[in-house]
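Protein chains: 4
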Amino acid sequence: MSDNIKKIAVLTSGGDSPGMNAAIRSVVRTCAYHNVECVAVYRGYQGMIEGDFKPMNARSVNNIINRGGTILKSARSNDFRTPEGRKKAYEHLKEQGIDAFVVIGGDGSFTGAMIFSEEFGFPVMGIPGTIDNDIYGTSFTLGYDTALNTVVEAIDKIRDTAISHNRLFFVEVMGRDAGHIALNTGVGAGAEEILIPEENLGLERLLESLERSRLSGKSSSIVVVAEGDKIGKSVFELKEYVEQNHPDYDVRVTVLGHIQRGGRPTCFDRVLASRMGVKAVESLIEGKSNYMVGFTEDKIMLTPLEKAVKGKSEIDRELLRVSDIMTT
Amino acid sequence: MSDNIKKIAVLTSGGDSPGMNAAIRSVVRTCAYHNVECVAVYRGYQGMIEGDFKPMNARSVNNIINRGGTILKSARSNDFRTPEGRKKAYEHLKEQGIDAFVVIGGDGSFTGAMIFSEEFGFPVMGIPGTIDNDIYGTSFTLGYDTALNTVVEAIDKIRDTAISHNRLFFVEVMGRDAGHIALNTGVGAGAEEILIPEENLGLERLLESLERSRLSGKSSSIVVVAEGDKIGKSVFELKEYVEQNHPDYDVRVTVLGHIQRGGRPTCFDRVLASRMGVKAVESLIEGKSNYMVGFTEDKIMLTPLEKAVKGKSEIDRELLRVSDIMTT
Amino acid sequence: MSDNIKKIAVLTSGGDSPGMNAAIRSVVRTCAYHNVECVAVYRGYQGMIEGDFKPMNARSVNNIINRGGTILKSARSNDFRTPEGRKKAYEHLKEQGIDAFVVIGGDGSFTGAMIFSEEFGFPVMGIPGTIDNDIYGTSFTLGYDTALNTVVEAIDKIRDTAISHNRLFFVEVMGRDAGHIALNTGVGAGAEEILIPEENLGLERLLESLERSRLSGKSSSIVVVAEGDKIGKSVFELKEYVEQNHPDYDVRVTVLGHIQRGGRPTCFDRVLASRMGVKAVESLIEGKSNYMVGFTEDKIMLTPLEKAVKGKSEIDRELLRVSDIMTT
Amino acid sequence: MSDNIKKIAVLTSGGDSPGMNAAIRSVVRTCAYHNVECVAVYRGYQGMIEGDFKPMNARSVNNIINRGGTILKSARSNDFRTPEGRKKAYEHLKEQGIDAFVVIGGDGSFTGAMIFSEEFGFPVMGIPGTIDNDIYGTSFTLGYDTALNTVVEAIDKIRDTAISHNRLFFVEVMGRDAGHIALNTGVGAGAEEILIPEENLGLERLLESLERSRLSGKSSSIVVVAEGDKIGKSVFELKEYVEQNHPDYDVRVTVLGHIQRGGRPTCFDRVLASRMGVKAVESLIEGKSNYMVGFTEDKIMLTPLEKAVKGKSEIDRELLRVSDIMTT
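In the order they appear, the protein sequences are chains X, Z, G and E.
When you line the first sequence up against UniProt numbering, it's residues 1 to 328, in that order.
When you line the second sequence up against UniProt numbering, it's residues 1 to 328, in that order.
When you line the third sequence up against UniProt numbering, it's residues 1 to 328, in that order.
When you line the fourth sequence up against UniProt numbering, it's residues 1 to 328, in that order.
Keep in mind the hints are simulated off the structure, nothing from the lab.
Note that the structure is predicted; figures quoted are calculated from it, not measured.
It is possible that some hints are incorrect.
Counterexamples of contact, computed for chain X against chain E with all Cβ distances above 12 Å [stated by the list, open to error]:
1. Lys6
2. Asp52
3. Arg81
4. Lys94
5. Glu119
6. Ile163
7. Phe236
8. Asn245
Which stretches of chain G does chain Z cover? Using the computed rule of at least three CB atoms under 8 Å from a CB of chain Z, they are [stated by the list, open to error]:
9. 29-41
10. 56-69
11. 139-150
12. 179-193
13. 212-223
14. 270-276
Built from N, CA and C at the ideal position, the CB exists for glycine as well.
Build the full structure now, drawing on both the sequences and the hints.
Structure (structure tokens):
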């Protein structure tokens, strides 16, 4: 137990994700519980550089647990990539008497925290807030579960119209480098095929699979495509390719886009955020620094930020196999 | 009361919309109630030409009232545009002993019904099933209310992320010729600007309006754009235009697409469908033909199909004004 | 056009309903649009008596259009039923320079407004905010459409389990004096029977109807019961009655309760609220007083408060008939 | 790999839960993938006794992954508790040439399977389908995640009205013996207090906690109460108790009831069901029997049925602590 941590700052950084507000609330309330002061930083690292701070107490975070987005706003900060920017940020933190900070964000935000911590010997703790679930050291990032549900609900709607017209739909979901969203929502929505960055299915196999599915009596088909799928074609190019090779298919395309980032967090994401906030603050109080809080094997755990940033979140091979069997 | 109507067919035609299943159910059950036989036609007019029929009873439509899409499937039929195609359809109907049909669809489907009815003296009745609400003779088409809710829920999600990042979003919604969806969801989602086919706002006024909204303290902006907006620019072109003229804006684009057609119907659409099905069948039994069932001024009413097809569904001027005031 | 109205107050009173926030927003923004000052009164008439006021501008109501409940809070006020209470309220309004108020609420709130207006010659305008839709002079009250959807979504869930177990469910919905919610959600959810305050179905007919439904092949049954149904038995008593007379039925009971009052407003309720707020403010500016804003026959209209309070909102007989046919 | 398993039966038993259909689909498709025949048993063990079977192929389970309830229906069977009943069931299975079965259900269903398996040397496999999450050997039962979301969405709605009126709500959620639903939804919905079967908070501490919450500036309070909470009072008795001791509180009660069992499964439950179905069928093919498939520490695992039935699913102590901190 460290007596050195008397005031903690909390900020959100990078793309927003559902559950960030629940995590902010948890950080603030855990500080209150331990009689540690808490200060909010607005607009991520940029706000830190500009001194955009606000003191928080347990009541400041009433009724935000169920709201999407982040009440602290988020932004990308080029200034924080420069030594001058980070120096200014440090000076503002010192002025305020802040002893440590918790940053809720993704890879880039963690890298910034590590560099900052090293330069100034400043205690930092990370909470993984991103819908992509592409961070090493946690089985679930904040917002991922909510995004999965947003996507399957959207595909359920598309299925209605696909069935009514015997159509083939390519549905693009988020995931430039990781296929977690595509794989899980593809299985969850009963997609006939799933294209992810980690695997090259090949266009021929895609067509064969669609044909097999049609012959077996399926009247509509939905193909879930991650933004960064390995075939390297956009959903629009895929549509064109299929139409040229199989003019009898009635093909449509939908890009789900930014609806995937918003929305009320699911119960899972709210509980996860509450847990992570407690662990982040209590770890700082215990004198720890430079860790990310994760949830792995049903337990809250710490992973060194360096590992979290360098490690790779692997696609689940068992689920890939399940996916193959389901599309029989 | 006519004794001539002993067997009625029901079909869905054109694009599907939520509430079609509830209307099918209502047609089937109203037939059962009046001891009239009922036959389903699959895949719209194309199925009529190919003789794709199935007898229905009250139990055939159990548990479909809450399902999106259409269990009878829908399709566009080029064959039905030819006299030969319609002749085949007529022969199949006669073979089955069918005395009249109810078609659930839009403008094109009604035109087909009118021509068919004239050629063969065959009683027909139309139910307006389309999300666009662009049909004369009814204040609400089936599926419109559901689509409005799907869109505002999507924009609510986008608002979360727009606020978190102080962004400007262009959100494209359905409506090639009519701005009903854009205007109502724009007002409902609190959009900062709404672009519709009926009005030319002008690009300059759009930029001024966004600027005014920003100066007044709004940190994010959402512009709802109908597919066929009068400015004549796609959401992607609008993004480019704004970015060139105001490089300080952080602009994003979302095309909501086909999720707008699907989903469980709202209570309003289910009740409307139930009412319309009763009226359609009972009007046929009373010896009427060539009408569309509409809901106007809180009442179920009939409009001659010819008027429904030729008339224009006007945008609500009072609501346009409300929209202007709300975006103050 | 009256120059006398320079400052308008807005309050919510009685039970809350979804759409109240959208109406507050509309009143505030319409004032801003017409350069009229706007003041919020907290906790209904009680706050008026206690002088709980807050100035509002267009930005005060950012991002509330999609939130349930009322940011102004609501309360019942016994003090406002006394001349002393109303006198205090009047004095506070005068102190603030307020020239008129808009009250969003139900029957009781309108009665209070009428008495107040008469006593002090004070301009008032009412907006019908209640989920029950039991107010004369409008086809839709604020929150009614949202409540209908909340109820059908709940019954859809109950249907899942009813079908899986071949069960009979009695589902109690709100409506002490009016069966609008029960009738519309009963039709919308495909209920096998609907019990409302306006009609005495009789217990025998209920049992016959359930038996008929079962014999016809329906494996589960859902009976929607308004709180104040005419049979005069609670859902618990109905369960007992059926179990005693038909021990083979597996009966369950659900009281939906307060979830019906909350939740994000539907698009319809948000648009309706926006329209009503504009009309209320502009009518005051035009020098009108003592009216309720309603939406009837697709149009925004005014009804004298006295008529709104004394008149009776009738159940829709055509829909009752539709309901009978649907449960064939 | 066993050649003995050529035909597998699948059934659902006990209370239904969301995800059961997804599990049925997975069992059927995994059989198809491995060229094993698959037969559905309707109405649980009772249907097994009555020989209510139907052959299934990959297409029999199209478009059910997103539906609540169970298409195979479920029932409790007293006959299966007798040796005669089980004998009949066995004879029917043998007549059909069935070599093994997968039962989706809870504790009671697993006990039945164990006894049956022992009596007849018949291979069986269990999949935990219940919303209560009260089964040893899996961190998540099918339907639990969906129920959590149904509950938090309901409490979000109740919160709207609680805030608007400064009220105290007691909300009863499912859980006779286990507090998992109450604890997780209590944390997820930001409840001010949570009453569960595993802990006796004491009525005095409840009142103190509510008082503290009020003094700290919270204007509304929500207490989530598991059916079987340790205090041993129903929500109605709690209301009475508080009203007698604190007449200034405005207390309301809501029993969420059966809506918790229904609804479309979340993405998590659909994916979990798909995984469990694959594991159940492949384990039978590998010659295993008498196991339950579970998901623990991010992995699909087998637990002997005997352990699953006798073991106790413990409440999460770390989450209890998080809950205490959040309600500071």
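Now for the hints, and whether the structure bears them out:
no.: 1; hint: Lys6; in the structure: holds, 18 Å
no.: 2; hint: Asp52; in the structure: holds, 25 Å
no.: 3; hint: Arg81; in the structure: holds, 35 Å
no.: 4; hint: Lys94; in the structure: holds, 28 Å
no.: 5; hint: Glu119; in the structure: holds, 32 Å
no.: 6; hint: Ile163; in the structure: violated, 7 Å
no.: 7; hint: Phe236; in the structure: holds, 26 Å
no.: 8; hint: Asn245; in the structure: holds, 25 Å
no.: 9; hint: 29-41; in the structure: holds (count 4)
no.: 10; hint: 56-69; in the structure: holds (count 6)
no.: 11; hint: 139-150; in the structure: holds (count 4)
no.: 12; hint: 179-193; in the structure: holds (count 6)
no.: 13; hint: 212-223; in the structure: holds (count 3)
no.: 14; hint: 270-276; in the structure: holds (count 4)
Hint check: a violation occurs at hint 6 only; the rest are consistent with the structure.
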